[in-house]
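Chains A and B are the protein sequences, given in the same order. For the record, in the first sequence the residue sitting at position 31 is 31 according to UniProt numbering, with numbers rising by one throughout. For the record, in the second sequence the residue sitting at position 184 is 184 according to UniProt numbering, with numbers rising by one throughout.
Incorrect hints may appear among the rest.
Here are the simulated DSS-like pairs of lysine-lysine, each with C-alpha atoms no more than 25 angstroms apart in a straight line [unchecked claim]:
# : chain 1 : residue 1 : chain 2 : residue 2
1 : B       : 84        : A       : 108
2 : A       : 228       : A       : 218
3 : A       : 209       : A       : 22
4 : B       : 84        : A       : 140
5 : A       : 94        : B       : 84
6 : A       : 128       : A       : 94
7 : A       : 217       : A       : 22
Beta-carbon label-pair distances, calculated as ranges [stated by the list, open to error]:
#  : chain 1 : residue 1 : chain 2 : residue 2 : range
8  : B       : 203       : A       : 2         : 55 to 63 angstroms
9  : A       : 123       : B       : 203       : 51 to 59 angstroms
10 : A       : 111       : B       : 203       : 43 to 51 angstroms
11 : B       : 232       : A       : 179       : 51 to 59 angstroms
12 : B       : 166       : A       : 134       : 28 to 36 angstroms
No wet-lab data here; the hints were simulated from the structure. Yeah, the Cβ is synthetic: ideal placement off N, Cα and C, and Gly gets one too.
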Amino acid sequence: MSPIVSIQTLHKSYDDGFEALKGVSLEIEEGEILALLGPNGAGKTTLISTVCGITTATSGTVTVGGHDIIKDFRAARSLIGLVPQEINLEPFEKVINTVRFSRGLYGKPRDDAAIEKVLRSLSLWDKKDARIHALSGGMKRRVLIAKALAHDPRVLFLDEPTAGVDVELRRDMWDVVADLKASGVTIILTTHYIEEAEAIADRVGVIAKGELLLVEKKTKLMKRMGQKQLEVQLAEKIDAVPASLRSDAVTLSEDGCTLIYTYDTKRERTGITKLLSQVADAGLVLRDLSTRQSSLEDIFVTLVREDAA
Amino acid sequence: MNWTAIQSIFVFEMFRFFRTIAQSFLAPVISTSLYFVVFGAAIGSRIQEVDGISYGAFIVPGLIMLTVITQSISNASFGIYFPKFIGTFFELLAAPISFIEIVVGYVGAAAVKALIIGLIILATSFFFVDISVAHPFAMLLFLVLTTISFALFGFILGIWAGNFEQLQIVPLLIVTPLVFLGGSFYSISMLPPFWQTVSMFNPVVYLISGFRWAFFDTADVPVVISLLAIAGFTALCLGVIWWIFRTGWRIRQ
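With the hints as extra help, turn the sequences into a complete structure.
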């Protein structure tokens, strides 16, 4: 299956010489949720803006649904919906009018049933005649999404959809994204919240300083890069790691009650059996055992740090 | 051409017009009516006829032009500046439309608003002064061309402006003086020869003269020159807009 969005060696330099994108290549499959993860100023918004036609690339090509975004911009852009980072809405307009306006801009004839469906799916129907300025922040974000969905796009870009929103609203937004995915929309979202990528993405791309460091299936990424930690809780406090157990992989917690063994899940032999027998040999009594998978955050921090080094 | 998009922009802009009806419609009508009362009825009756036309009637075309020009500029400049200011401009850039659709939508709406106001002022003038229109079609043609050309100019202004002050400064410092000194309230032939020559460099003179000709069949400059002047101004604005959109100046990075 050919990708719905294909980005080839995309470069973007601004007039002041700042290189926001340094040859980004990326293919996005239909129906997936891709999270672009990166620190502020990494180039996430520039990448989205270029695909959506808001900024012009210095070089490189982008196709959406097989249509070049420059040569065949009408066909390409018809497939795209964009939810910007900032809440940019006409404050004095009614919700329904601003959503109708967006649909019209995309050349779709007025269709009140379609607008109603979008508004209902975002729980905005009872607010349809409200003026934008009278809505709460969360509702305004929903209006932005409604506007982006008004022309039935196949690809939806969400630029930091949960930046600066409270936890409840964030979960709410994740539910909205999940519903959209269920309806067959391909979603590309940028975020600098790792837990967001972890919670909703199928694939994760890590971007820093204008370069795409990696793109991988979330589960595979965590498996590949993931390390696990075995925490061995001891019945009695010890002062130091017993000599027989000493290695780089074994550390003692600050309170002296837990031995922490870090191991690689990819390796055939994790060394757990050996460790446990050594623990028994050392005369230590176990109280409990637990393992912890390293989070996407750990992976991300490692990647960005490696890139900076 | 995405006609649905043009229609959407047009309707959206007209909604704004009707939403702010007091500001966008009543204000110009009331201020122009005040001119009619003061210059037409109160002072006008003591001023002798100009080119055989009563002063109250003589100033009608100039007053309509004054309002139509300022309205065309402010409607179009505000119309395109506001989305830039509140950040909704991205939507126009991301939509499957070319700049032609954006210009036709915004300039069209601004021109139609100004035209409506111009026609209402004309209707109002019938209440205050005795006036008839010698060439109705030419009058409409001048009105339409003026609204379009100055709405194009306003559009450029709105794209250029980086803040509200810049948005106001050109109409206040350049356009209003040009219109006042363009023969709105007097015939150029009433000026001393030196100032007559200076006035010939004021493009608005040609507009008001041509428009007045449509009313009274008398003009400061030949009507063909007036038409050429407005066509030239329209072409100039179109050229600038074409350049703006080709280069993305102040629009697309």
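Legend entry - 25 angstroms Cα cutoff - pair residue 228/A, residue 218/A: This hinted pair holds, its Cα atoms lying about 16 angstroms apart.
Legend entry - Proposed proximity, residue 22/A with residue 217/A (alpha carbon, max 25 angstroms): holds, 23 angstroms
Legend entry - Pair hint residue 128/A and residue 94/A, alpha-carbon separation not exceeding 25 angstroms: holds, 7 angstroms
Inset, instruction - Take a quick look at whether residue 94/A and residue 84/B sit within 25 angstroms of each other, Cα to Cα. - result: With Cα atoms ~19 angstroms apart, residue 94/A and residue 84/B stay inside 25 angstroms; holds.
Inset, instruction - Can you let me know if the beta-carbon spacing of residue 111/A and residue 203/B is within 43 to 51 angstroms? - result: Given a distance of about 46 angstroms, which is inside 43 to 51 angstroms, the answer is holds.
Legend entry - CB-CB spacing for residue 179/A and residue 232/B relative to the 51 to 59 angstroms hint: Holds - the Cβ-Cβ distance for residue 232/B and residue 179/A, about 57 angstroms, lies within 51 to 59 angstroms.
Legend entry - Beta-carbon spacing of residue 166/B to residue 134/A - inside the hinted bounds 28 to 36 angstroms or not: holds, 31 angstroms
Inset, instruction - For the range 55 to 63 angstroms, tell me whether the beta carbons of residue 203/B and residue 2/A fit it or not. - result: With a Cβ separation near 56 angstroms, residue 203/B and residue 2/A satisfy 55 to 63 angstroms, so the hint holds.
Inset, instruction - Would you mind confirming whether the straight-line C-alpha gap from residue 84/B to residue 108/A stays at or under 25 angstroms? - result: Roughly 24 angstroms separates the two Cα atoms, so the pair holds.
Inset, instruction - Sort out whether residue 140/A lies within 25 angstroms of residue 84/B, counting only the CA atoms. - result: At roughly 19 angstroms apart (the allowed maximum being 25 angstroms), residue 140/A and residue 84/B satisfy the hint.
Inset, instruction - Could you say whether the range 51 to 59 angstroms given as a hint is met by the Cβ separation of residue 123/A and residue 203/B? - result: holds, 55 angstroms
Legend entry - Holds or violated: residue 209/A to residue 22/A, with C-alpha atoms at most 25 angstroms apart: Since the Cα atoms of residue 209/A and residue 22/A sit roughly 8 angstroms apart, the hinted pair holds (cutoff 25 angstroms).
Against the hints set out earlier in the document, no violation occurs for any number.
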